[in-house]
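Based on these hints, arrange chain B on the given structure of chain A.
Chains A and B, in that order, give the protein sequences.
-11 is the number of the first residue of the first sequence in the numbering used here; add one for each residue after it.
1322 is the number of the first residue of the second sequence in the numbering used here; add one for each residue after it.
Each hint should be verified, as a subset may be incorrect.
Here are some chain A residues pointing at chain B (derived, C-beta under 7 Å) [stated by the list, open to error]:
1) L32
2) S34
3) A85
4) G91
What the hints contain is simulated information worked out from the structure, not anything from laboratory work.
The C-beta atom is built at its ideal place from N, Cα and C for all residues, glycine as well.
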Amino acid sequence: KQEVTQIPAALSVPEGENLVLNCSFTDSAIYNLQWFRQDPGKGLTSLLLIQSSQREQTSGRLNASLDKSSGRSTLYIAASQPGDSATYLCAVMEGSARQLTFGSGTQLTVLP
Amino acid sequence: EAGVAQSPRYKIIEKRQSVAFWCNPISGHATLYWYQQILGQGPKLLIQFQNNGVVDDSQLPKDRFSAERLKGVDSTLKIQPAKLEDSAVYLCASSRGTVLHEQYFGPGTRLTVT
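Only chain A is shown next, with the shape it has when bound in the complex (with noise of 0.2 Å):
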C-alpha cells in the first residue's frame, strides 16, 4: 500500500528565504507526482504536476522536482513571502483508477 510522508509537519521561516518542503512515497509506480497548496477554510489549488518521466516542473517562484527511482519530491519556494503561508501537500498518482494518495501536508508559515 502506497504510503506519502512529508516532512517537516511545519515549518516557520522569515519573508525572503528560500526554502524546501519534502515528499517521499513508498511505490515507485506512479503516473505522476503533483503539489497542492490549501488555505485554510478553502480546497486545494493545485500548484505543479510532474509527470514520471519529468525531473521537475517550474512555476514562477516554484519549482518542484522528482526522483521516482528514490521515492522522493521536493518543492522549493524562492524569496518566500507572508501570502505563501498555507498548508502543502504533496500526491501521488498511481492504479488502474488514477487515484491520488496524499501526504499530511507541511504548513508552512512566512513571517512579515
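Just chain B now, kept in the frame of chain A:
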C-alpha cells in the same frame, strides 16, 4: 469557467443524526471524487465516479456512507447515522477523465459531529 461547487460549507450535527452534502463539478468533467480530510491529515479518497458509474468505493464505510451521481453530473454524499469520528472536511473534486488529468477541488464542507 466556474469551479467545483459544494454545499453546505459548514454543518454541525449530533451523533446518530444524518447529513447530506452536495457537489456540482466543473461542466464537462466526467470524473468526480469525494474525499474525507480529517484535521492534520491529507485527503483520503472515499469514492470515485466515472460519469454516473462507480469506479472505486473501496474506502467508503458502506454501513453508514452512501453516494450517488445521478445523470452523471452533480453528486450527493450521505452519512447515516453519523459518528464522532466522521468530523472532517469533505472535499469534492472533478477532472475531465482519469488518465493523467488534473483534479480540481471544491472548497469543501466542514462537518462537526457532537
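Hints and how they fare:
A hinted interface residue such as L32 (chain A) counts as satisfied when its beta carbon comes closer than 7 Å to some beta carbon of chain B; here the least separation is about 4 Å, so the hint holds. With its C-beta approaching chain B no nearer than about 6 Å, S34 (chain A) sits inside the 7 Å limit, and its interface hint holds. Taking 7 Å as the C-beta contact cut-off toward chain B, the hint placing A85 (chain A) at the interface holds, the least distance being around 5 Å. The beta carbon of G91 (chain A) is positioned within 7 Å of a beta carbon in chain B (closest approach about 5 Å), and the interface hint is therefore held.
In summary, the structure agrees with every hint in the numbered list given earlier.
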